[in-house]
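Protein sequence lines correspond, in order, to chains A and B.
Position 73, counted from 1, in the first sequence is what this note's numbering calls 77; the numbers after and before it change by one each time, with no gaps.
Position 140, counted from 1, in the second sequence is what this note's numbering calls 144; the numbers after and before it change by one each time, with no gaps.
Calculated from the structure, these hints are not laboratory results.
Mixed in with the good hints, there may be bad ones.
Unchecked claim - Derived contacts from chain B toward chain A, CB cut-off under 10 Å, selection only: (1) Val19; (2) Leu38; (3) Gln56; (4) Met152; (5) Gly154.
Only a predicted model underlies this, so the values are computations on that prediction, with no experimental measurement involved.
Note that CB positions come from ideal geometry on N, CA and C, so glycine has one too.
Number of protein chains: 2
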Amino acid sequence: MNFSSKLLGHAVNQVSQLPGIGKRSALRLVLHLLKQPKTQTLNLAEALTNLQEHISYCKGCHNISDTDICEICANNKRNKQIICIVEDIRDVMAIESTMQFNGVYHVLGGKISPIDGVGPQNLNIESLVEKVKTDTVEELIFALSSTMEGDTTNFYIFKMIKAYNVKISTIARGIAVGDELEYADEVTLGRSIINRVPFENSLKI
Amino acid sequence: MNFSSKLLGHAVNQVSQLPGIGKRSALRLVLHLLKQPKTQTLNLAEALTNLQEHISYCKGCHNISDTDICEICANNKRNKQIICIVEDIRDVMAIESTMQFNGVYHVLGGKISPIDGVGPQNLNIESLVEKVKTDTVEELIFALSSTMEGDTTNFYIFKMIKAYNVKISTIARGIAVGDELEYADEVTLGRSIINRVPFENSLKI
Numbered sequence: 005m006n007f008s009s010k011l012l013g014h015a016v017n018q019v020s021q022l023p024g025i026g027k028r029s030a031l032r033l034v035l036h037l038l039k040q041p042k043t044q045t046l047n048l049a050e051a052l053t054n055l056q057e058h059i060s061y062c063k064g065c066h067n068i069s070d071t072d073i074c075e076i077c078a079n080n081k082r083n084k085q086i087i088c089i090v091e092d093i094r095d096v097m098a099i100e101s102t103m104q105f106n107g108v109y110h111v112l113g114g115k116i117s118p119i120d121g122v123g124p125q126n127l128n129i130e131s132l133v134e135k136v137k138t139d140t141v142e143e144l145i146f147a148l149s150s151t152m153e154g155d156t157t158n159f160y161i162f163k164m165i166k167a168y169n170v171k172i173s174t175i176a177r178g179i180a181v182g183d184e185l186e187y188a189d190e191v192t193l194g195r196s197i198i199n200r201v202p203f204e205n206s207l208k209i
Numbered sequence: 005m006n007f008s009s010k011l012l013g014h015a016v017n018q019v020s021q022l023p024g025i026g027k028r029s030a031l032r033l034v035l036h037l038l039k040q041p042k043t044q045t046l047n048l049a050e051a052l053t054n055l056q057e058h059i060s061y062c063k064g065c066h067n068i069s070d071t072d073i074c075e076i077c078a079n080n081k082r083n084k085q086i087i088c089i090v091e092d093i094r095d096v097m098a099i100e101s102t103m104q105f106n107g108v109y110h111v112l113g114g115k116i117s118p119i120d121g122v123g124p125q126n127l128n129i130e131s132l133v134e135k136v137k138t139d140t141v142e143e144l145i146f147a148l149s150s151t152m153e154g155d156t157t158n159f160y161i162f163k164m165i166k167a168y169n170v171k172i173s174t175i176a177r178g179i180a181v182g183d184e185l186e187y188a189d190e191v192t193l194g195r196s197i198i199n200r201v202p203f204e205n206s207l208k209i
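Next up, chain A with everything else stripped away, as it sits in the complex (with noise of 0.2 Å):
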């Protein structure tokens, strides 16, 4: 792309590095930002450069949080022997929203993936190996998407704690709720029928 404007040539580049956005999306993102109010864009870029700048990590979980230790890690009613294993913070709000979880998390920062070069040490998982030795944790839930990548990271971290006593579970797989049978794939509806549940249980949500 030929630009009249160096200064747009630039900020065109720039925004195109984002993930999913190409050079077209960000003329017309950079172009819709010139037609605003100045105050929008100096806005925008304060807030992209503060949260860079100050961003941290709860101590407990890894999670992101603006104080050392996270909301959910320091609640005391919430249960510390239960831990939930996720990639990152779209997982922790996912699971929250449904309200149906009292532990804590531990937030992993990604999965092994040798093909973007993620490998176990650019991961959370020492801590997690740490807080199961000197912690009394009771159970650990893996709740990492069922990807190549995340069947990898769960078996890793399945090896690296089986020695220690602790109950490791899974989320559960299984046909939606609201989902039709029929257009189910054979894998899902397969294993929803191997690791059925008594029927009470349904009943609960």
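Since the structure of chain A is provided, determine the placement of chain B on it from the hints.
Structure of chain B alone, referenced to chain A:
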């Protein structure tokens, strides 16, 4: 959405004000930035701020330009007597990349659209009329997209300048090169038959 961090929430809110980006996409973009080196965010913020603070427009054609007069208007080899009327810089870039136009442009900065609160007074129409009045303009070419708003804008400008001795044309509508006839819509196909051109013309490009 309930964020565990106010900084994060604020950044997501700001990003989600961009068109076509919802809260979830905004969160994805912001989390992506957090995983990148700090400099990427700072560069992005700086580029946007710089653009907004130092943006300037060509005094001739109102296109975005780092100089008072843009490269196209300053080029002596371009024919200043033929003016192509476009909506914004994207159209200028699209036409320039065809390398088939040797005139200059006039960037309106939008289209008349009462529903969006855009009237003729918000566009660079007055300076266009001024050009037609005072300069030796030979031909105006309407190159707005053929929507309700585009047609309205064309007609408004047409009425403002029809009193002056200037040729007014519009870019050709027809079947796109490479398209199958059977899938073309009736209006376009109809127009392409009415406005048929001598076969020799089609050999020029």
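Hinted contact Val19/B with chain A - closest CB pair below 10 Å = holds, 7 Å
With a cut-off of 10 Å on the beta carbons, see whether Met152/B makes it to chain A.
-> violated, 20 Å
Is the interface hint for Leu38/B satisfied, with its Cβ closer than 10 Å to some Cβ of chain A?
-> holds, 6 Å
Proposed interface contact between Gln56/B and chain A, which counts if any beta carbon pair is under 10 Å | With Cβ-Cβ at 4 Å, under 10 Å, it holds.
Interface hint compliance - Gly154/B to chain A, C-beta minimum distance less than 10 Å | At 17 Å from the nearest chain A Cβ, Gly154/B fails the 10 Å test, so the hint is violated.
In summary, the numbered hints that this structure violates are 4, 5.
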